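Count along the sequence shown starting at 1, add 53, and that's the number in the working numbering.
One thing to keep in mind: the hints can contain errors.
[What the hints assert, rightly or not] Here are the simulated DSSO-like pairs of lysine-lysine, each with C-alpha atoms no more than 30 Å apart in a straight line:
#1 K298 x K454
#2 K153 x K59
#3 K98 x K153
#4 K268 x K59
Calculated from the structure, these hints are not laboratory results.
These numbers come from a predicted model, not from an experiment.
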Amino acid sequence: MQSVKKINEDLYWVGVNDRKITLFESVYPVSRGMSYNSYLLLDEKTALFDTVDSVASLQFLENVDYLLAGRELDYLIVNHMEPDHCANIGAIVAKYPSVKIVGNLKTFTMMGQFFDFDIESRKVVVKEGDTLNTGRHTFTFVMAPMVHWPEAMVTYDTVDKVLFSADAFGSFGALSGNIFADECDFQNKWIDDARRYYTNIVGKYGVQVGNVLKKAAALEISKICPLHGPVWRENIGYIIDKYFKWASYTPEEEGVVIVYGSVHGHTENAAEVFANMLGDKGVKNIELFNASTTHYSQVIAESFKRSHIVFACATYNMALFPPMQVILHELAEHNLQNRAFAFIENGTWTPASAKLMSDILDKLKNNRVIEPKVTIKSALNDESFKQLENLADAIAQDLNK
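Just need the whole structure built from these sequences, with the hints factored in.
Have a look at this one:
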């Protein structure tokens with residue numbers, strides 16, 4: 054049976070939910086599943102905005118067929134060519150052979166790499182500022198390169214003021230009957246997944262996201278229809294403000310993330326002691342993560358959220374403890390900026406992890422290091438305990454500036 058939701062008078066959600074998936078893109082844990090959003094417009098001309106992942110083709114095609122009710126599909130507008138959104142383009146063409154496909158030049162280059170149907174006879178190439186009329190509606194196209202693929206674009210309905218935002222403003226998580234953000238307590242139940250989605254999927258491209266946000270700021274927006282997660286129709290400024298912060302690498306709040314990599318528990322003990330020291334000094338919003346048991350995507354998300362990050366790591370075979378090395382390289386890959394870092398190292402014969410951690414993070418821009426560096430030799434003693442206290446004092450003072 055069909056599973057569709059009405060968004061506007063003539064606009065419908067025809068997407069699908071995947072509650073079996075455990076790793077999005079085979080990388081990111083998604084305990085609440087994923088939604089793959091697609092939208093169908095029933096104007097004088099019909100238009101479908103993107104398709105869905107191949108895992109749910111049958112449900113998706115049934116949704117589209119049900120709403121068309123025998124009508125032809127006139128346009129398929131492709132905002133993003135990643136397979137979780139483009140996988141059913143071939144199926145749509147097979148089912149509606151007269152459909153015209155709307156995209157930019159890079160869209161069709163990629164499409165030819167994924168599919169072997171006749172693209173040339175169907176393609177409608179658009180560029181920045183071009184428009185498409187379907188009857189009551191006129192759509193304009195805004196290029197969004199590297200948000201987060203080079204062909205990405207967004208589509209804006211100039212009549213109903215709806216922004217079809219591709220992967221922007223999306224979130225991990227399947228939808229559960231309520232497709233609007235104001236229906237599902239987004240600020241308490243969804244924001245962490247939205248942050249983790251943005252910071253890990255798109256976070257590397259802050260400059261490019263910022264450019265698109267500037268374009269969006271000039272538009273009157275009544276609804277945002279992303280390709281993952283809830284649709285926005287109220288308090289749109291809330292999610293746009295979050296995106297401005299994330300894209301500019303501005304912390305959402307003053308607070309401390311402590312990430313530790315511990316082999317036998319002594320570095321873990323130091324991290325726990327240090328967290329308690331910070332709490333005793335009045336520091337709030339402290340998060341403590343074990344690098345061995347926490348997926349790096351969560352650490353990245355929390356690092357984008359908070360202002361200060363402390364790395365506590367054992368020296369392992371004269372190198373970094375491997376789980377911590379993964380996290381540090383991922384933080385570097387995601388261009389984290391405007392943060393204060395601090396380092397706690399441990400080692401039994403040659404503690405070297407502070408320099409090794411610093412070497413990875415030095416490539417990032419606009420960050421600073423809070424001293425002192427703490428060195429532990431095997432286990433905490435009076436000397437290293439005092440170093441921890443001095444670092445806790447320095448961070449507490451920095452937060453209270």
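Outcome of the hint check:
| no. | hint | result |
| --- | --- | --- |
| 1 | K298 x K454 | holds (21 Å) |
| 2 | K153 x K59 | holds (24 Å) |
| 3 | K98 x K153 | holds (11 Å) |
| 4 | K268 x K59 | holds (27 Å) |
When the structure is compared with the earlier hints, no violation turns up for any of them.
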